[in-house]
Amino acid sequence: MIAYAAFARSGFLTSLAYRNEVWANIFGKLVQVFARVAIWLAVYAGVTAVDGISISDMITYALLGGVVMGATRYDRIVRQVGNALKTGDVAIWLLKPVHYPLYLLAIEAGMSAYTFLLAVVPTIAIVALIYGMQPPASLLHGLMFVGFCALSFIIHFLCAAIFGVLAFWLMTVFSLEWLLQSLISLLSGLLIPFWFFPEPFGTIASHQPLAWLVYYPSAVWLGRLDMGATLLYFGIGLGWAGLLATVLALLWHRASSRITVQGG
Amino acid sequence: MTALIEARGVSKRFRQHKRFPGLLGALKTLVTTEYTEVAAVSDVSFDIAAGEAVGYLGPNGAGKSTMIKMMTGILVPSAGTLSVLGRTPHQERMANARQIGVVFGQRSQLWWDLPVVDSFTLHQRIYDIPAARYADNLKRFSDLLDLTPFLDRAVRQLSLGQRMRAEIVMSLLHDPKILFLDEPTIGLDVVAKDAVRRFLAEINRERGVTIILTTHDLQDIETICPRLIMVDHSQLIFDGELGRLRAALGSARRLTLEFATDPGPLPLGTATLTSDEGLLKHYLLEREDVSLVQVLSEVGSERGLKDVALHEPDIEEVIRTFYQRRNAAAAAQ
Ligand SMILES: Nc1ncnc2c1ncn2[C@@H]1O[C@H](COP(=O)(O)OP(=O)(O)OP(=O)(O)O)[C@@H](O)[C@H]1O
Ligand SMILES: [Mg+2]
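Quick note, the sequences are listed as chains A and B, same order.
Going from the first sequence to the numbering used here is simple: count from 1 and add 1119.
Going from the second sequence to the numbering used here is simple: count from 1 and add 129.
A few of these clues could be false.
[Said to hold, decoys possible] Below, a list of computed lysine to aspartate or glutamate pairs in the EDC-like style, where the Cα atoms sit at most 20 Å apart:
(1) Lys-1215(A) with Asp-304(B)
(2) Lys-1215(A) with Glu-335(B)
(3) Lys-306(B) with Glu-221(B)
(4) Lys-268(B) with Glu-221(B)
(5) Lys-1215(A) with Asp-323(B)
(6) Lys-306(B) with Asp-281(B)
(7) Lys-306(B) with Asp-176(B)
(8) Lys-322(B) with Glu-445(B)
(9) Lys-435(B) with Asp-391(B)
By construction, these hints were calculated from the structure, which means they are not laboratory data.
Turn these sequences into a full structure, and let the hints steer you where they fit.
If you want it as structure tokens, here you go:
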């Protein structure tokens, strides 16, 4: 356990080693969040509400997307797992009394914490000052939002790690990274909330695991779910996380035993 | 005394999908179920006792790295049994990992972006090394290998020699009982090689750490390892003391005689003339029992002999002779 805390800390410190990236990071995120806000401003031009959702709701939604998705980098995880397996560098991890997937999770947590504090918080603050941001629907909703953010990070990590391990058997790391990016843009709710999806796509989208990346955390903040539903969907999200963790563990086991038995 | 490492008929075969050349071949490769088998290690057995230092030697592709990987538990043998510290390495990889240290010359285990000392602290956490023990080891090893000047520098900024020294120190911080090194001196200059060799020899002598190292540099073996295991084409071909190998091959010493004036061809009964440059004549002393005095008395004092040089065979020559004889024997069969 101590080891994993140390990994998280070193993930944080490693990011610190590249502190020039912070500015590039802030700038990149500003552009993204501004772009999403601008799209909604254009969509809402001359209209006060669409399906009972106001422009102010949508700006808040766009900002929340930045909060939950701004820090974790799926591309980094996919690449790290994929390359470690393909180049055989993973052997070094098999030599240590450490579980490699947990190591990755700890490192990513440290790196994400760094990006969150130094890039996400300032970006969101700037945009919120300019366009305004709604507070959470209630104190309880606000607290649940924090829980949903943690769940979002875990599911995000698990999906990316699964794609990384798949690179061992399928195509290139690059194409898997690209595939995951497309899936996330479409199915996490980052670009368009599911309440604007035509049925039955809205229902389908809101039951697959990527929905917990952006859609549910934001919906909870905005009070689109009452407390009962909030807890229910939190439970379902935990279920998805458990399932994904099992899939990752199985795939990891297969990949690493293939390396030790067949030599890669 | 029981052995620390026991290998009994250990083999490793790698199976690879057969590949066919050309465009049609590429399609055929996709659907084929044919395999080619590569025997990387074949029926190798040995025992290594606590405190030994063993050099694992052989030409490229002989199966040295494969054997190291099996002993460290990251490759599973195809046949035979392997026991390291009483455990089957790949079955108890984690427990095994805590008691061994591993250095791969070709692969860094340090954290690229962090200062060297941060990699060491992470290592401390991974292996639960008590603080006092850790500080003590770090100080001793850093002094011996002169790491202190660059402990605070990021690993990516180190030279290869500095990095290798840091790798070796890290692999020893948790007091492993066995240290495996796969080509630890590869790419190092003479000075760095020398520092690493002396350090490893000392660790083996003073701390009793068992050392198994593979190398292409015979000097490594000469300084660190009294015992030599030689492999070729996946098979074990020699296991014993370096001195025994020398003796078995007959220590053919080389003798050079220098004359003031060319005495003409000068065949001797005690030594074989191998090349004649006039003033300089080279001989091979094939028989152990012939002494230099006997040779010189055969040459006599009236030939104008100016100088004599006797070369003991060095390890490279011994091993070259060994391979040559083996190949000749194989050809004769
Ligand atoms: N993962 C693998 N898959 C297939 N074949 C392999 C694999 N690893 C090694 N081999 C083959 O096994 C044989 C032994 O390889 P190994 O790396 O053990 O040699 P080595 O003695 O360490 O050589 P070198 O001195 O070049 O490092 C070689 O023929 C090599 O091509
Ligand atoms: Mg090798």
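Hint check results:
1. Lys-1215(A) with Asp-304(B): Given that 20 Å is the threshold and the Cα spacing comes to 14 Å, the pair holds.
2. Lys-1215(A) with Glu-335(B): violated (26 Å)
3. Lys-306(B) with Glu-221(B): Since the Cα atoms of Lys-306(B) and Glu-221(B) sit roughly 16 Å apart, the hinted pair holds (cutoff 20 Å).
4. Lys-268(B) with Glu-221(B): The given pair, whose Cα atoms are some 31 Å apart, is violated under the 20 Å limit.
5. Lys-1215(A) with Asp-323(B): At roughly 28 Å apart (the allowed maximum being 20 Å), Asp-323(B) and Lys-1215(A) break the hint.
6. Lys-306(B) with Asp-281(B): Status violated; Cα separation ~28 Å.
7. Lys-306(B) with Asp-176(B): holds (16 Å)
8. Lys-322(B) with Glu-445(B): With Cα atoms ~17 Å apart, Lys-322(B) and Glu-445(B) stay inside 20 Å; holds.
9. Lys-435(B) with Asp-391(B): This hinted pair holds, its Cα atoms lying about 11 Å apart.
Of the numbered hints given earlier, the model fails hints 2, 4, 5, 6; all others are met.
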